[in-house]
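Asker: Sequences and hints are given; from them, build the entire structure.
Residue numbers (this note's numbering), protein chains in the order written: chain L, 1 to 110; chain R, 1 to 110.
Just so you know, the hints here were simulated from the structure itself, not pulled from any lab data. Ideal placement from N, C-alpha and C gives every residue a C-beta, glycine not left out. Please note that the accuracy of each hint is not assured.
Claimed, not checked - Pair by pair, the computed Cβ-Cβ distance ranges are:
1. L:Gly-15 - R:Leu-79: 33 to 43 angstroms
2. L:Thr-25 - R:Thr-15: 33 to 43 angstroms
3. L:Gln-59 - R:Gln-17: 39 to 49 angstroms
4. R:Ser-67 - L:His-71: 33 to 43 angstroms
5. R:Glu-59 - L:Thr-81: 33 to 43 angstroms
6. L:Gly-15 - R:Ser-67: 49 to 59 angstroms
7. R:Gly-51 - L:Thr-30: 34 to 44 angstroms
Now for the letters of each chain:
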Amino acid sequence: GEDVEQSLFLSVREGDSSVINCTYTDSSSTYLYWYKQEPGAGLQLLTYIFSNMDMKQDQRLTVLLNKKDKHLSLRIADTQTGDSAIYFCAEIGGANNLFFGTGTRLTVIP
Amino acid sequence: NAGVTQTPKFQVLKTGQSMTLQCAQDMNHEYMSWYRQDPGMGLRLIHYSVGAGITDQGEVPNGYNVSRSTTEDFPLRLLSAAPSQTSVYFCASSFSGTAFFGQGTRLTVV
Numbered sequence: 001g002e003d004v005e006q007s008l009f010l011s012v013r014e015g016d017s018s019v020i021n022c023t024y025t026d027s028s029s030t031y032l033y034w035y036k037q038e039p040g041a042g043l044q045l046l047t048y049i050f051s052n053m054d055m056k057q058d059q060r061l062t063v064l065l066n067k068k069d070k071h072l073s074l075r076i077a078d079t080q081t082g083d084s085a086i087y088f089c090a091e092i093g094g095a096n097n098l099f100f101g102t103g104t105r106l107t108v109i110p
Numbered sequence: 001n002a003g004v005t006q007t008p009k010f011q012v013l014k015t016g017q018s019m020t021l022q023c024a025q026d027m028n029h030e031y032m033s034w035y036r037q038d039p040g041m042g043l044r045l046i047h048y049s050v051g052a053g054i055t056d057q058g059e060v061p062n063g064y065n066v067s068r069s070t071t072e073d074f075p076l077r078l079l080s081a082a083p084s085q086t087s088v089y090f091c092a093s094s095f096s097g098t099a100f101f102g103q104g105t106r107l108t109v110v
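Answerer: Here is the structure:
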């Protein structure tokens with residue numbers, strides 16, 4: 001099946017930028033997604049990028065896609081304590097199933 | 001607007017017991033799915049359904065059954081619980097690849 005990889009932990013200081021990285025395997029994925037999970041809650045869609053795009057910006061979030069290297073990143077500008085959460089990247093596979101990475105736990109230090 | 005509702009939120013089972021995790025959505029989505037979340041492993045797809053009367057296996061289907069008699073409901077059944085099924089379970093409904101998640105059920109099998 002699809003293999004989506006992320007580093008498990010990231011710590012940043014409040015006000016700095018955070019960059020969360022992800023690699024995926026299925027080059028035919030039409031969409032790639034970033035989901036956020038706050039403690040004790042389900043996942044919420046943060047943003048997504050269509051596979052024919054290189055970059056997408058949405059307020060403090062910037063998604064970069066390198067299709068050649070199958071690398072996806074999420075940059076959060078001016079990181080706040082409320083951004084502390086687990087961030088999952090996901091690719092869409094057969095039958096429109098989502099395949100998730102392991103999740104990156106972002107800790108924002110005040 | 002309830003979205004995706006899962007019940008119960010917490011459950012403790014003894015090995016060998018059976019139970020059903022309930023999931024209901026009010027968005028009229030055809031696609032629904034069940035995931036389990038384990039530390040360091042992200043979300044893994046258990047079963048999914050592309051519409052009423054149609055179900056299929058995901059990555060980790062063993063020990064679980066599903067049915068989809070209506071568009072709204074997609075229950076997950078554990079026929080004989082095992083400690084390896086201790087996990088957090090998430091139900092999701094999707095439209096055009098974007099998934100909406102329930103709040104999760106934390107299941108402990110002792």
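Asker: Would you mind marking each hint as holding or not holding in the structure?
Answerer: Checked hints:
1. L:Gly-15 - R:Leu-79: 33 to 43 angstroms: Roughly 51 angstroms apart at Cβ, these two residues miss the hinted range, so it is violated.
2. L:Thr-25 - R:Thr-15: 33 to 43 angstroms: 36 angstroms, holds
3. L:Gln-59 - R:Gln-17: 39 to 49 angstroms: 47 angstroms, holds
4. R:Ser-67 - L:His-71: 33 to 43 angstroms: Holds, since Ser-67 of chain R and His-71 of chain L (Cβ atoms, about 39 angstroms apart) stay within the stated range.
5. R:Glu-59 - L:Thr-81: 33 to 43 angstroms: For Glu-59 of chain R and Thr-81 of chain L the Cβ distance comes to about 34 angstroms; the hint holds.
6. L:Gly-15 - R:Ser-67: 49 to 59 angstroms: Once the Cβ atoms are compared, 50 angstroms apart, the range 49 to 59 angstroms for Ser-67 of chain R and Gly-15 of chain L holds.
7. R:Gly-51 - L:Thr-30: 34 to 44 angstroms: 21 angstroms, violated
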